[in-house]
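Enquirer: The lines below spell out each chain.
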Amino acid sequence: MKKGLLFLALAALVCLTMQPLAATAAEEIPVGGIFDITGATSKVGADYAKGVRAACDYVNSLGGVNGRMINLESADYAYAIPKALNLYKKYVNVNKVFVIQGWGTGDTNALTPKLKKDEVIFMSASYDANLTNPANNPYNFFIGTDYSTSIRLAMQFAKDNGAKKVLFCYPDHPYGRAPIAAGKEYAQMLGLEIGPDEMVDLTATDATQQLLRMKKFAPDYVWLGGTTPSCAVVIKGAASILPEAKFLINCWGFDSNLPLLAQGAAEGRAFGILPVVPYGADVPGMKAMMAWTKGEPHTLHFVKGWVSVLVMAEGLKRAGDKLSGPGLKAALETLTDFETGGLCAPITYTSTDHRPNTTCGIGAIKDGKVVVLVGKVSMPREAKYIGN
Amino acid sequence: MPCGLFFETYEKDEAIFQTTFLRVAMAAFAVLLLAFPFFSDWLSGLTNLYWLGIMTHICIFVLGAQGLNLLTGFTGQISLGHGAFMAVGAFTAGVLHMDLGWNFLLAILAGGLMAAALGMIFGVPSLRLRGLYLAIATLAAQIIIIWLLRGVFEAGAVEVSDATLFGFSFDTDQRKYYLCLFFAALGTLYLKNLMRTRTGRAFVAVRDRYLSAEVIGVNLFKYRILSFGISSFMVGLAGGLWAFTENAVTDEAFGVALSVKYLAYIIVGGLGQVTGAIFGVTFLELLHWLLEVPTDALSRIFPNIFEKLASLREIVFGLIVIVFLIFEPDGLSARWRTIRSYWKLWPFSY
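Those sequence lines, one after another, are chains A and B. If you read the first sequence in numbering that gives the first Met the number 0, its first letter stands for residue 0, the second for the next number, and so on. If you read the second sequence in numbering that gives the first Met the number 0, its first letter stands for residue 0, the second for the next number, and so on.
Do not take every clue at face value.
Below, in silico cross-link-like pairs of lysine-lysine (BS3-like), each with a Cα-Cα straight-line distance of 30 Å or less [what the hints assert, rightly or not]:
#1 Lys95(A) with Lys115(A)
#2 Lys293(A) with Lys383(A)
#3 Lys368(A) with Lys343(B)
#4 Lys164(A) with Lys95(A)
#5 Lys11(B) with Lys286(A)
#6 Lys163(A) with Lys316(A)
#7 Lys116(A) with Lys383(A)
#8 Lys383(A) with Lys368(A)
#9 Lys286(A) with Lys316(A)
#10 Lys115(A) with Lys368(A)
#11 Lys293(A) with Lys307(B)
#12 Lys383(A) with Lys365(A)
#13 Lys183(A) with Lys286(A)
#14 Lys11(B) with Lys82(A)
#15 Lys95(A) with Lys307(B)
Here are a few chain A residues that sit away from chain B, every Cβ distance over 10 Å (derived from the structure) [stated by the list, open to error]:
#16 Ala77
#17 Asp336
#18 Leu372
Keep in mind that the hints were calculated from the coordinates and are not lab data. Ideal Cβ placement from N, Cα and C applies to all residues, glycine included.
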């Protein structure tokens with residue numbers, strides 16, 4: 000009896016395992032997906048993964064790319080770099096992918112040498128400015144305003160709103176650290192006084208100590224470079240300790256969960272970088288997304304994942320029969336002011352500049368919801384800022 | 000007719016591979032490992048996993064886990080800083096190779112030595128502290144070292160080119176696997192031999208009853224620090240191998256989670272057993288990846304619950320480890336010994 004059960008279980012496992020192999024045999028475009036669904040950044044990563052998966056299904060429902068279906072091979076890497084590295088090798092060697100929808104700054108940096116060697120396109124959710132220089136990172140692409148441009152725009156916003164003193168608060172983490180140097184340089188140029196940095200971990204549950212130190216400097220605006228839960232912790236704590244300060248939040252720390260987690264403390268005090276429009280915004284591109292998701296609410300990160308796939312699909316379409324890393328790279332580099340139906344600013348990549356755009360929105364929290372405060376803030380595309 | 004193992008000389012009693020059967024079995028195991036790349040593609044096609052990559056990581060972690068096993072399993076010290084010591088090895092080897100043009104072998108040796116030096120410094124409290132207290136002290140090492148590395152390498156990542164030796168480049172996954180396998184085997188043999196020496200016996204004496212060890216003349220301070228040194232050296236070497244295998248070093252890969260993972264490897268495998276590290280790393284890594292197979296298949300059938308299935312996999316992983324530790328607290332190597340003696344005594348198990 001026991002042996003019979005064991006045999007059945009083994010047979011079921013083998014059948015389940017063999018099934019995907021049979022499914023990929025047709026004329027499909029294999030795409031890899033490296034997502035964080037259970038790790039340190041899963042609070043924003045899970046909805047991003049949903050966006051990527053939904054958009055792939057959506058593209059397939061329209062007949063795929065040039066008649067070929069996208070076959071997304073995806074897995075959770077729980078923000079563990081060794082696992083991301085092994086997943087990458089699996090996608091490239093076993094699934095023969097040449098384009099990957101990836102995730103964080105740490106794993107993107109760890110994979111960069113391999114991407115160059117294997118000529119694989121990596122469309123990440125890390126908007127680290129370092130990745131926008133094709134001379135160093137030729138196969139890296141992303142769709143949002145890079146973190147350095149975002150922080151410069153945030154500093155400009157603070158200056159325009161009467162700030163004199165700013166302070167940077169971020170996790171000691173590649174994502175958090177990436178734009179700080181650019182932010183300080185720009186703030187200095189604008190004549191803003193810069194306070195001492197504060198570190199708040201991505202998984203922090205309390206930031207009282209940091210806020211008490213911030214209080215001594217009394218900043219007008221604080222840059223928050225964490226993800227939504229850690230940003231909410233700071234804002235919630237600041238309601239009593241630092242009530243006069245306002246917060247400028249990087250794009251992974253600002254979404255519809257922020258007012259819920261900060262319990263009203265974010266109202267009118269938290270301003271976020273919006274590389275894409277919020278879910279449900281009145282733009283043409285949103286209609287398809289709303290219809291596909293049947294109006295089920297999602298965060299901004301879902302929209303980012305969705306747009307990342309739309310841009311990839313456009314590249315694949317333009318690549319035609321040249322379905323390879325270099326083919327897709329060349330195709331993506333022909334994108335000039337590519338419109339995603341207003342979901343994000345028009346996207347342009349060139350062979351010397353992989354910044355998708357230098358325009359984003361600034362959001363605020365009103366009545367517990369994310370609203371667009373300024374639809375468009377922009378920096379000129381200056382060559383000196385490529386990769387910085 | 001003698002029944003059982005009878006040794007007539009000390010040499011035979013102390014031999015690493017004591018019986019012909021064991022020698023044949025080990026040779027077969029070695030052949031299997033050497034031949035692995037030739038059938039890994041077939042295995043990958045069957046399971047939708049990349050086995051060569053998984054096995055390369057297993058080899059690297061076996062080397063590191065042998066290091067921690069020496070410290071924790073054989074000398075009775077605990078360390079939660081081995082993730083950071085591995086980072087030191089990786090960054091040192093990467094920088095020496097890339098910036099100063101050092102040969103890769105020298106670079107990873109230097110990485111190991113650097114890790115050993117730091118390990119010995121952070122091992123100093125081991126004279127006064129034991130158990131949980133020492134765990135917290137070494138946890139501080141983990142945090143300080145990673146913080147320092149972040150300060151020095153602002154970009155957070157160092158790119159490393161492929162290893163080359165006398166014009167031969169370890170540039171394919173297959174060659175990298177062999178390189179890591181060689182070092183893992185070397186580390187394992189070294190540990191096995193070390194435990195047969197005077198130093199090895201001193202380590203065990205320190206572990207079993209440090210007061211008695213001191214009474215019979217074992218220099219506690221020397222052996223505790225030495226144990227930290229050798230252990231960190233081995234994990235530093237593993238870090239160097241990591242740098243040349245993955246071609247990039249980022250501080251994020253070597254966090255507290257890695258240190259805890261190292262402890263899990265040797266606890267699940269069996270503390271104080273040379274085979275323990277091998278069993279532990281292989282079991283946990285394979286379990287992690289094999290759980291991916293049904294999750295992957297189920298998420299194709301039920302794409303809407305993809306996120307929940309990912310969490311389910313972590314839960315199942317945790318459950319298996321808990322159940323395993325309840326039923327086999329001495330680790331996999333103890334289970335292995337039970338199985339072996341069962342076969343040896345069969346059919347007269349009484």
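Enquirer: If a hint holds in the structure, say so; if it does not, say that too.
Expert: Do the hints match the structure? See the list:
{"no.": "1", "hint": "Lys95(A) with Lys115(A)", "in the structure": "holds, 16 Å"}
{"no.": "2", "hint": "Lys293(A) with Lys383(A)", "in the structure": "violated, 44 Å"}
{"no.": "3", "hint": "Lys368(A) with Lys343(B)", "in the structure": "violated, 70 Å"}
{"no.": "4", "hint": "Lys164(A) with Lys95(A)", "in the structure": "violated, 51 Å"}
{"no.": "5", "hint": "Lys11(B) with Lys286(A)", "in the structure": "violated, 79 Å"}
{"no.": "6", "hint": "Lys163(A) with Lys316(A)", "in the structure": "violated, 48 Å"}
{"no.": "7", "hint": "Lys116(A) with Lys383(A)", "in the structure": "holds, 27 Å"}
{"no.": "8", "hint": "Lys383(A) with Lys368(A)", "in the structure": "violated, 37 Å"}
{"no.": "9", "hint": "Lys286(A) with Lys316(A)", "in the structure": "holds, 22 Å"}
{"no.": "10", "hint": "Lys115(A) with Lys368(A)", "in the structure": "violated, 42 Å"}
{"no.": "11", "hint": "Lys293(A) with Lys307(B)", "in the structure": "holds, 20 Å"}
{"no.": "12", "hint": "Lys383(A) with Lys365(A)", "in the structure": "violated, 37 Å"}
{"no.": "13", "hint": "Lys183(A) with Lys286(A)", "in the structure": "violated, 39 Å"}
{"no.": "14", "hint": "Lys11(B) with Lys82(A)", "in the structure": "violated, 43 Å"}
{"no.": "15", "hint": "Lys95(A) with Lys307(B)", "in the structure": "holds, 27 Å"}
{"no.": "16", "hint": "Ala77", "in the structure": "violated, 7 Å"}
{"no.": "17", "hint": "Asp336", "in the structure": "holds, 31 Å"}
{"no.": "18", "hint": "Leu372", "in the structure": "holds, 31 Å"}
Of the numbered hints stated above, those contradicted by the structure are hints 2, 3, 4, 5, 6, 8, 10, 12, 13, 14, 16, listed in ascending order.
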